[in-house]
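Note that full-length UniProt numbering has the sequence shown beginning at 1, numbered continuously upward.
Simulated from the structure, these hints should not be mistaken for lab results.
Mixed in with the good hints there might be a few duds.
Just the calculated beta-carbon pair ranges, DEER-fashion [claimed, not checked]:
#1 L355 to R488: 32 to 38 Å
#2 P494 to L355: 32 to 38 Å
#3 R30 to A107: 35 to 41 Å
#4 F419 to A321: 35 to 41 Å
#5 I265 to Y510: 36 to 42 Å
#6 L355 to G23: 47 to 53 Å
#7 L354 to G417: 28 to 34 Å
Cut-off 20 Å, straight-line C-alpha distance, at most; resulting in silico cross-link-like pairs (EDC-like, lysine to aspartate or glutamate) [to be verified]:
#8 K411 to D466
#9 K485 to D466
#10 K411 to E397
#11 K287 to E508
#12 K500 to E425
#13 K448 to D350
#14 K411 to E508
#15 K485 to E425
#16 K411 to E380
Just so it is clear, CB atoms sit at the ideal spot from N, CA and C, and this is done for glycine as well.
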Amino acid sequence: MRYIDFLDRGAELYGTRDALRAGPRRWTYRELVALTHRIARGLRREGVGPGEPVAIWTPNDPMGVACQFGAARGGHPWIPVNVRNGVAENLAVLERLGARHLFFHSAVAPDAARAVAEVAGLRTAVQIDGPAVVPGVPDLAAWLPPDGPPVDCPSGPDDVVLLPSTSGTTGRPKGVRHTNRGFEAMVANYQSLMHYDVPPVTLAAAPLTHAAGYFATTLLSQGGTLVTLPAPDPLQILEAIDRERVTTLFLPPTLVYTLLAHPRIGDFDYSSLRYMIYGGAPMSVEKLREAMDVFGPVLAQTYGLTEAPVVLAFLLPRDHAEALADPRLARRLLSCGRPGPFTEIGIMDDDARLLGPGQRGEIVCRSGTVMAGYVDDPDEEARVLAHGWFHTGDVGERDEDGFVYLVDRKKDMIISGGFNVYPAEVEQAIWRHPAVRDCAVVGLPDDKWGEAVTAFVELKDGAELDVDELRAALREELGGVKAPKAVRIVEALPRSAAGKVLKRVVREQYWEGRARAI
Numbered sequence: 001m002r003y004i005d006f007l008d009r010g011a012e013l014y015g016t017r018d019a020l021r022a023g024p025r026r027w028t029y030r031e032l033v034a035l036t037h038r039i040a041r042g043l044r045r046e047g048v049g050p051g052e053p054v055a056i057w058t059p060n061d062p063m064g065v066a067c068q069f070g071a072a073r074g075g076h077p078w079i080p081v082n083v084r085n086g087v088a089e090n091l092a093v094l095e096r097l098g099a100r101h102l103f104f105h106s107a108v109a110p111d112a113a114r115a116v117a118e119v120a121g122l123r124t125a126v127q128i129d130g131p132a133v134v135p136g137v138p139d140l141a142a143w144l145p146p147d148g149p150p151v152d153c154p155s156g157p158d159d160v161v162l163l164p165s166t167s168g169t170t171g172r173p174k175g176v177r178h179t180n181r182g183f184e185a186m187v188a189n190y191q192s193l194m195h196y197d198v199p200p201v202t203l204a205a206a207p208l209t210h211a212a213g214y215f216a217t218t219l220l221s222q223g224g225t226l227v228t229l230p231a232p233d234p235l236q237i238l239e240a241i242d243r244e245r246v247t248t249l250f251l252p253p254t255l256v257y258t259l260l261a262h263p264r265i266g267d268f269d270y271s272s273l274r275y276m277i278y279g280g281a282p283m284s285v286e287k288l289r290e291a292m293d294v295f296g297p298v299l300a301q302t303y304g305l306t307e308a309p310v311v312l313a314f315l316l317p318r319d320h321a322e323a324l325a326d327p328r329l330a331r332r333l334l335s336c337g338r339p340g341p342f343t344e345i346g347i348m349d350d351d352a353r354l355l356g357p358g359q360r361g362e363i364v365c366r367s368g369t370v371m372a373g374y375v376d377d378p379d380e381e382a383r384v385l386a387h388g389w390f391h392t393g394d395v396g397e398r399d400e401d402g403f404v405y406l407v408d409r410k411k412d413m414i415i416s417g418g419f420n421v422y423p424a425e426v427e428q429a430i431w432r433h434p435a436v437r438d439c440a441v442v443g444l445p446d447d448k449w450g451e452a453v454t455a456f457v458e459l460k461d462g463a464e465l466d467v468d469e470l471r472a473a474l475r476e477e478l479g480g481v482k483a484p485k486a487v488r489i490v491e492a493l494p495r496s497a498a499g500k501v502l503k504r505v506v507r508e509q510y511w512e513g514r515a516r517a518i
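Whole structure, please, built from the sequences with the hints as guidance.
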């Protein structure tokens, strides 16, 4: 099936059901499909040809979703542009990925105006909300052509439908090519894992430009309703779960922590939830227990990357519940689950040998969800797709039952005094402290150790921390090699637009000007 076919199938089966909701606004499946045909005709009228990319630069907004599917209907790859990125980065994304048309929201109008003026090859732009604020650029209502014949652009399984960029956590973002075939594999994986006794209602609080948006697509052929919030406001999320009877949402762990700390966490009904999916970073075991106490046995973890989206491995709600109930299975809470039903995961050493259970190496995978390749980066593409596997850059291991344990990013490993230290293990220990909201452990230059294990800690509002006491406790638990040589309290850790802590940014200021970075 093509990407657009999932929306059309939902319309055939659930035409009068709400496809999109945003506050009091509603669009049924039939209304959304009709709107996507008008958008596709508008792009055709502007001279944007099949295969030419269309960028969408908006906060979470139902019209942004409509434009996404309108672009797909016209045969145009979708470039998601995150409003949380810096304008220079977004302009570079539009330039590098060859955007020919831009849909944008008034919230980013000044930046969009720069794009129209500066990005070579960008021919046309439309503001998705009204009234128009950029001179010479129409709003969507004025730009849309009238109803007319349906648009059906031939599209094959290997045609590119999505051009996201990597998060830049380890360097310059790379453009990634995803196809109709890849989306079909992703939908098959998710629908084989997740089952509903009522039509699903998905709350989009995390950016739709990332995993939350890909995940929402998988529910369309099931008649799912997508409820959008323009920003991840904790109180609005809690209220929306109750008001909209939300069954499913995807959040980064940092946002889950913020919800748990909200003073009104106990004021709402969360009984409609079936899946509260987290991903993008590890989550502490203590916070998992707390979240399950509040939201019920609905926590699920997904593991994936921009190059292989969101469902390489999945830790089901029942896996969480069983691990909490049986001490013999408790370690599974540290895993990211087992491979999806249409995914193969291996652990590989530096000599391309696959390793057995309990042995650490790089996580590699084979799946239809893996990207077709990078945009104009053949050397890096060849490296990550070597030996017939996609190389994730993550260090991990598998147990005898097939659960995959993400140890750390390969590039994040610290070599201190000749010993390998994986920051995620240290971070898990720090997260257990009740005053800690989040933390990042990195290696800083040290004449004695080569790299000194150093923890940067973000505290909960109003909390205090005795640094020496924490260091002593960590030394007792982890030993002298792994325990941080220093703990530094920071107001806020640097994060990517997707909410991932940017350890590269934390490290750079300390390694700047040195001949080595390890």
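Now the hints, each set against the structure:
no. : hint                     : verdict
1   : L355 to R488: 32 to 38 Å : holds (36 Å)
2   : P494 to L355: 32 to 38 Å : holds (34 Å)
3   : R30 to A107: 35 to 41 Å  : violated (29 Å)
4   : F419 to A321: 35 to 41 Å : holds (36 Å)
5   : I265 to Y510: 36 to 42 Å : holds (37 Å)
6   : L355 to G23: 47 to 53 Å  : holds (51 Å)
7   : L354 to G417: 28 to 34 Å : holds (30 Å)
8   : K411 to D466             : violated (30 Å)
9   : K485 to D466             : holds (15 Å)
10  : K411 to E397             : holds (16 Å)
11  : K287 to E508             : violated (30 Å)
12  : K500 to E425             : holds (17 Å)
13  : K448 to D350             : violated (28 Å)
14  : K411 to E508             : holds (13 Å)
15  : K485 to E425             : holds (15 Å)
16  : K411 to E380             : holds (15 Å)
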